[in-house]
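Trainee: What follows is each chain in one-letter form.
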Amino acid sequence: MSVDEMVTLEAGPGEIMEVSMGPHHPSTHGVFRMDVRLEGERVVRLKPVFGYLHRNHEKIAEHGAYLSAIPYTDRLDYLCSMTNNWGYVLAVEKLAGIPVPERAEYIRVIVAELTRFQNHAGLVGFLLQDMGASGTPLMYAFREREKILDLFESLSGARMMCNYMRFGGVRVDCSAEWLEEVRQLIGRLPRFVDEFEALLRANEILMARTQGVGVLPRELAINAGVTGPMLRASGVNYDIRKVDKYGVYDRFEFQVPLGDHGDVYDRYMMRILEMRESVKILEQALRDISDGPIMDPKTRLRGLRPKAGEAYGRIESPKGELGFFLVSDGTMNPYRYRVRPPSMINLTILEDMCLGQNVADVVITLGSVDIVLGEVDR
Amino acid sequence: MLGEGIIQGLLETARNFFGSYVEKDRLVTVQYPEQRHPLPEASRNFPFLLYDGSEPEAGLRCVACQICEKECPPRCIHIEKSKDKKPDFVGKQQFYPAVFNIDVSVCMSCQICVEVCPFDAIRMDKVFELSTSNRFGGLLWTKRELAKSNEYYQKIHPTEAAECDDRREKELAEAQAKAAAAATAKAAQAAAATAGAGTSAASANGASGNGAGAKPAEVPAKTTVTP
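Those protein sequences? They're chains S and W, same order as listed. Residue 321 in this note's numbering sits at position 317 of the first sequence, with consecutive numbering throughout. Residue 488 in this note's numbering sits at position 66 of the second sequence, with consecutive numbering throughout.
No lab work stands behind these hints: they were computed from the structure. Accuracy of the hints is not assured; some may be wrong.
With a straight-line cut-off of 30 Å between C-alpha atoms, the simulated DSSO-like cross-links for lysine-lysine are [claimed, not checked]:
1) S/Lys-249 / S/Lys-151
2) W/Lys-608 / S/Lys-151
3) W/Lys-514 / W/Lys-446
4) W/Lys-600 / S/Lys-302
5) S/Lys-151 / W/Lys-548
6) W/Lys-565 / W/Lys-508
7) S/Lys-151 / W/Lys-503
8) S/Lys-284 / S/Lys-151
9) W/Lys-548 / W/Lys-608
10) W/Lys-592 / S/Lys-302
11) W/Lys-503 / W/Lys-514
12) S/Lys-284 / W/Lys-446
Note that the coordinates shown come from a computational prediction; the quantities given were computed from them, not determined experimentally.
Start from the sequences, fold in the hints, and give me the full structure.
Mentor: Here's what the structure looks like:
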């Protein structure tokens, strides 16, 4: 085929062209495919296809003891292993009726809010990268994220696969020096958020690119079960930290930022504002943390046999409502283990946000959903 | 004014660019492998087996109880128990692993083997530059590759190792005290037997049992894991 013939292959007016975006496409944040039907540049249909990274997470957890599922939860949303741990141990604690010492609760809040901060910093970096701000914002975001990961490493031993929480508490205690390091770091974080926001918030190109794009109406967001920053960007005041008050979240004063339009710009700003609230929570948690045990002394980690029954533990992970549903039949391993992954459920609404948009906007709409394929496919 | 936001953003990049020369906080990375960040003490990578004394494979603390093999989430540990026994550090007869393999290409560095080990025999290492050209055999570590000395452990995890050594010293002291108590009880029993009084022998037995204090080593396999 000559070059001239190739050029004439483009679709004529009114013709529908099918494009398979992904699975190996840098904008899809992993192995994820979108079957897009285009009329010119306009999207007329979009079908998300996922499952490429399916690793049988639920069945593996059902075949192992309760303890051995914890390291696997690290690998769900591999950017936020601490919050994944928390969701799972919360479900086991509900199932087996395990109390958690106060110090452990505070440590959990500290690591969870640090996780939220680094997830949002990373997400905003990636989102801006998707919009064409190549490299620079992502580099700044990862520079700060790295500092938080260093703290995780000196606490739990690993940067990302922390495997830190246990039902009945946390695995190792944090030292006074570690808390001091966190204190110093969060003293510097507000400056980073300010700069990061000033970098592109008022940028005219970015505003033209994101405002009114990928709008998710309030009713649709509620009906589709969307949670997390994405739901709040559509103006729904729903934060599980406020609704359930799990852990010790009832002791902290913080606000839940809400958006007005539910477009990509709102979702971007939502992450920036949540980072600020996370810093507020961290300051309060570091002020109030007291000495004490970090593990419930009666809990048996190995060979835990909860009574027959079921429990659903849910937390506000950085991406939305992360829930673990466990059914016990009184044996060593869960009879049923089910994950409610926030990024997958937030992703199901992608078509409705993209219809009628340009194909380039699909990329940033997807970027603003904040997905991690490890959690979508499990 | 149109373009104000862009200029504002460019000022930020300028601040970060020039700031990176004076402020360490703004530096993004180090030039690995010439420069390296020091690893924190808690950092972990893959498990190794601890040995006491000078002979790596003979001095292994592992008693082949196979708890780690059962609890390992990705099931990357393979242990075969020995036929005979040998004395451990408190002098108790224990099995030892005839085969102890860890497939490091499967291991996910979760540290659960370390947590469940009641004998302080397995710990996490810090080495991470482990690439090999041998795809299957190169990352299947046997006893020989896994055995590391207690001195090495003290070097990489000083705080943790100190705690562990303290605990073992206590156990040893308790075991010795128990052995001494048993010896005196035996002597007393012998003396009582020669005197012909059965009641004193019974009380001597009771005393030796109480003198034990903590159990020197908890015997495993109380629970079974369904695969």
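Trainee: Hints first: check each against the structure and report whether it holds.
Mentor: Comparing the hints with the structure gives:
no. : hint                  : result
1   : S/Lys-249 / S/Lys-151 : 28 Å, holds
2   : W/Lys-608 / S/Lys-151 : 62 Å, violated
3   : W/Lys-514 / W/Lys-446 : 55 Å, violated
4   : W/Lys-600 / S/Lys-302 : 28 Å, holds
5   : S/Lys-151 / W/Lys-548 : 20 Å, holds
6   : W/Lys-565 / W/Lys-508 : 17 Å, holds
7   : S/Lys-151 / W/Lys-503 : 45 Å, violated
8   : S/Lys-284 / S/Lys-151 : 18 Å, holds
9   : W/Lys-548 / W/Lys-608 : 48 Å, violated
10  : W/Lys-592 / S/Lys-302 : 24 Å, holds
11  : W/Lys-503 / W/Lys-514 : 17 Å, holds
12  : S/Lys-284 / W/Lys-446 : 25 Å, holds
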